[in-house]
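Chemist: Could you build the full structure based on these sequences and the hints that come with them?
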Amino acid sequence: MSFSESPVFIVGWPRSGTTLLAKMLAAHPGMACGPESHLFSKISQGTIQQALTSDDWVSSIAETVGGITLSGQGVLELYGHTASSFRDELSVRKPSMPEVLSALYSNLMTRTGAVRIVEKTPNHICHLDRIRSRFPKSRIIRITRDPRDAVFSMRKLPWMPDDIVAGSLLWDRWFRSSKDFFENDPLSMTVRYEDLATNCKVVLEEICEFIGENFDPCMESFYESSDTVFTPGESWKEDVSQPIDASRIYSWKKNEVDKEDLSLVSGICHKGIRYFEYEPSLVEPLPSFEALDSLSLASATVLARGLIENRCGFQIDINELSGRKLRTLKHNLMGFLRLISNIFSKRNSLVMFHSSK
Numbered sequence: 001m002s003f004s005e006s007p008v009f010i011v012g013w014p015r016s017g018t019t020l021l022a023k024m025l026a027a028h029p030g031m032a033c034g035p036e037s038h039l040f041s042k043i044s045q046g047t048i049q050q051a052l053t054s055d056d057w058v059s060s061i062a063e064t065v066g067g068i069t070l071s072g073q074g075v076l077e078l079y080g081h082t083a084s085s086f087r088d089e090l091s092v093r094k095p096s097m098p099e100v101l102s103a104l105y106s107n108l109m110t111r112t113g114a115v116r117i118v119e120k121t122p123n124h125i126c127h128l129d130r131i132r133s134r135f136p137k138s139r140i141i142r143i144t145r146d147p148r149d150a151v152f153s154m155r156k157l158p159w160m161p162d163d164i165v166a167g168s169l170l171w172d173r174w175f176r177s178s179k180d181f182f183e184n185d186p187l188s189m190t191v192r193y194e195d196l197a198t199n200c201k202v203v204l205e206e207i208c209e210f211i212g213e214n215f216d217p218c219m220e221s222f223y224e225s226s227d228t229v230f231t232p233g234e235s236w237k238e239d240v241s242q243p244i245d246a247s248r249i250y251s252w253k254k255n256e257v258d259k260e261d262l263s264l265v266s267g268i269c270h271k272g273i274r275y276f277e278y279e280p281s282l283v284e285p286l287p288s289f290e291a292l293d294s295l296s297l298a299s300a301t302v303l304a305r306g307l308i309e310n311r312c313g314f315q316i317d318i319n320e321l322s323g324r325k326l327r328t329l330k331h332n333l334m335g336f337l338r339l340i341s342n343i344f345s346k347r348n349s350l351v352m353f354h355s356s357k
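All letters in the sequence shown, in the order written, are residues 1 to 357 by this note's numbering.
Any given hint could turn out to be false.
To be verified - What follows is a set of in silico ranges between Cβ atoms, one per label pair, in the way DEER data are often shown:
no., residue 1, residue 2, range
1, M189, G113, 22 to 28 Å
2, P136, D162, 36 to 42 Å
3, P136, S221, 44 to 50 Å
None of these hints come from the bench; they were simulated from the model. Even glycine gets a Cβ: it sits at the ideal position worked out from N, Cα and C.
Modeler: Structure representation (structure tokens):
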């Protein structure tokens with residue numbers, strides 16, 4: 001089997017150990033992992049299909065992949081390619097996503113001598129069915145972390161809103177969207193960050209057995225290997241260049257955190273907390289915000305915070321929602337009203353929309 005046919009995909013939530021796990025697997029002499037490729041999250045299904053079936057598929061794919069950027073740098077550049085060299089790699093291959101991934105990784109595989117691709121893009125957790133359809137023999141690993149730690153840590157990310165509700169909604173969305181896949185897909189597994197940090201060798205041995213590789217001691221000393229899994233512009237990932245700091249586990253219990261924020265995370269993410277067998281929260285669970293999934297995270301946060309903070313009634317400024325987002329909300333109005341009914345159950349409530357326009 002070609003290494004391009006059976007890569008290992010690592011997915012998960014921001015600040016949940018995806019980079020750490022990628023670095024550990026990349027320390028294995030037979031595996032290599034580069035920066036996040038975003039081949040599925042930044043390229044739509046229709047776009048990739050059109051490019052692969054184009055008469056000049058090489059140029060179409062080179063242009064499509066060449067448009068992906070990560071922290072201000074082009075993905076081709078991060079993988080040591082120019083547009084020309086990437087086209088050359090594609091030209092000797094067949095039009096398929098395994099061959100596109102193989103071409104992207106070609107320089108890294110040559111440099112490291114590895115024979116197995118590890119691809120780590122956390123938000124590929126939202127594109128699992130597409131990955132499975134394009135890579136039917138691949139192994140997919142989801143790494144999770146107690147959301148009460150992960151969501152607070154998300155505030156360190158420059159692209160995340162500094163709003164605990166936004167982080168909680170994102171965590172809950174990704175949990176719900178991936179739950180069925182990992183329950184039913186036989187070539188996938190889930191790892192808890194806390195188990196990896198406290199029982200590293202045992203968990204890595206389990207992962208190696210799952211992906212069909214022999215455990216190598218170099219995986220435990222991952223911090224001694226070169227940094228190929230993140231870019232110079234991703235300073236928040238630099239801690240994987242150090243040994244595991246087990247004191248970071250369950251920081252929400254040890255550090256002084258805002259109690260109201262902690263209640264929000266616990267209330268919104270309560271199903272995932274229970275599902276992954278983390279310590280139960282004493283906070284009353286909030287109703288599911290699934291009805292807001294069709295909205296952008298920013299718009300859903302506006303609505304969710306209004307619902308949470310004003311239990312006796314709230315108003316939404318429509319000016320904060322774009323026309324397209326507002327139409328989407330109206331399209332999903334019945335689900336939205338059910339959400340309101342759940343949150344305001346046994347209360348007299350008023351929902352008011354207003355606009356200054």
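Chemist: Going through the earlier hints one by one, which of them does the structure break, listed in rising order?
Modeler: Result: hint 3 breaks, nothing else.
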